[in-house]
Amino acid sequence: MTESKVIVIGAGPVGLTLAMDLASRGIEVVVVETRAPGEAPAVKCNSISSRSMEVYRRLGIAKKIREVGLPSDHSTDVLSTTSVTGIPLSRLVLPSRNGRKEGVPSPDSWWPTPEPSHRANQIFFEPVIFEHASKQSRITILNRHEFTEYVQEKHRVVARVRDLDSGEIKEISGAYLVGCDGGRSIIRTMIGATFIGTPQIQKVQSSFIRAPKLLELIGSNPAWMYYALNPRRCGTIIAIDGKERWNVHNFLYNNEDYDDIDRDWAIRQLLGVGPDFEYEIISQENWVGRRMVADKMRDGRVFIAGDACHLWIPAAGYGMNAGIADAADLAWMLAASLQGWADAGILDAYEAERKPITEQISNIITEMAVAVMHQRRNVPEDIEEDSPAGEASRKRVGEQSHELELQQQCSAGLNYGYFYSGSPIIAYDGADHPAYSMHEYQPSTVPGCRAPHVWLEGRRSLYDELGPYYTLVRIDPTISIGPLVQAAHKRNVPIKVLDLKPSEADGQYETGLTLVRPDQYVAWRGNSVPDDAEQLVELIRGVARVRKAAEV
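Numbering of the sequence shown is given in the numbering used here, commencing with residue 229 and proceeding in unit increments.
No wet-lab data here; the hints were simulated from the structure.
In this text, all values refer to a predicted model and were calculated from it rather than measured experimentally.
Incorrect hints may have been included.
Stated by the list, open to error - With a straight-line Cα cutoff of 25 Å, these simulated SDA-like cross-link-like pairs (lysine to any residue) come out:
#, residue 1, residue 2
1, Lys724, Gln736
2, Lys329, Pro344
3, Lys583, Tyr749
4, Lys729, Glu693
5, Lys724, Ile289
6, Lys291, Asp305
7, Lys623, Asn449
8, Lys363, Asn449
With the hints as extra help, turn the sequences into a complete structure.
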């Protein structure tokens, strides 16, 4: 029997991120994956969010990730147009990879982060993190193995897996098991969780194509994404390698089914090419955009994360990134419990934090998706006409598209704005959390918010200076912090003290002391150490709520 601290089912981006985060904290992990090493993932996710890149910076892999994807000088613009080769309607200008390095201004260059978002399809991005994970001594990846079942015992979980090549059945034992096994998650079913929400919002025909001659028709300034709007077909076309591979999404209308629409005809209408244009379909898929959230994310020692517990239409490209956020939240809590300085009650915070956020974000994204669908279904018939009426229609639709794309592609709120309002391990002080939207975000140290990022002297990122677990950020060095540090040491809670100059804090930190969690969220703040510092320490290590319940 193979022993492991944590068993992760699924070696997609969420499972690999969870494994790498756990390993970075000294935890042994076994990852079970049905695919062979090097087997390409589906051509799905195209954008790694800023918040995800912050996670990968902490894990020491952000620079490697930025080396893959589109060519370094390829723009990441979003072009609204009647077709890929048709009449432009509006253009959201965003920097290339080189442009990011050079500090080219853009609608998101004001973001308070050391890591802006990065455009790279999953077929380029996932192999990078797989290679990094496979080199970690604490991670064992069992490729070509299929998870079949698990048994929960008092102090462990025993998973059974089947070697797909030999047929051999193996048992793996771990303290916890996490299902990162996608939208058809077997783990979700086994823990008795149910998807709740809207099962169908939009049907989509997707075609991954090779079209070597398309760039010649586009010209010298190709975009990353094309949002095609004409009376015949509407969809998005995404440059995968910036050369010849493209992903074409044909959005169906209310009463259309997949077999009703000729795929080749639809592709040509979206590209704006005639019957003589040559292209090759590499792969194709029919899928449904939906808004589904699991009614629970845990059963005892078994958890689910990523698509296993939430699915939504990919407006703003935030599906995979929400799963990465799940992994970053769960990893440090599992590690804290396994290392013994936190009570097992700390794990209650995972569902208490992530489930409400998932509900909030899924609704924000669905609202945007519905707004975009409304625009697609009301494309003016004269939008391609060479006439004053056609010009007026193009102007109006272009302005609508630019606003919709600005919110989706520059989604500061989705990256930084969400907050944890009902966590059992956060010490709230009665202050209201700032409201956020997909596009809007206000930095705040209200407990439960992401700790505001600031640049320190020497162009050092605050996030690089935070400790691996709790960090007490102090703005006023005259504040005595001894009782809190001593209380933490008494319970073996890892805590680092980080003194910032007021000039470095840049007015972003409203109190003299701010306690920042391992995932860069605020756990507590104040202008002095609380009278009962031990009680605060008990709360942040997951004990306080357990004791309160016992007293009742």
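Query raised in the report: Which earlier hints can't be squared with this structure?
Result: The structure breaks only hint 8.
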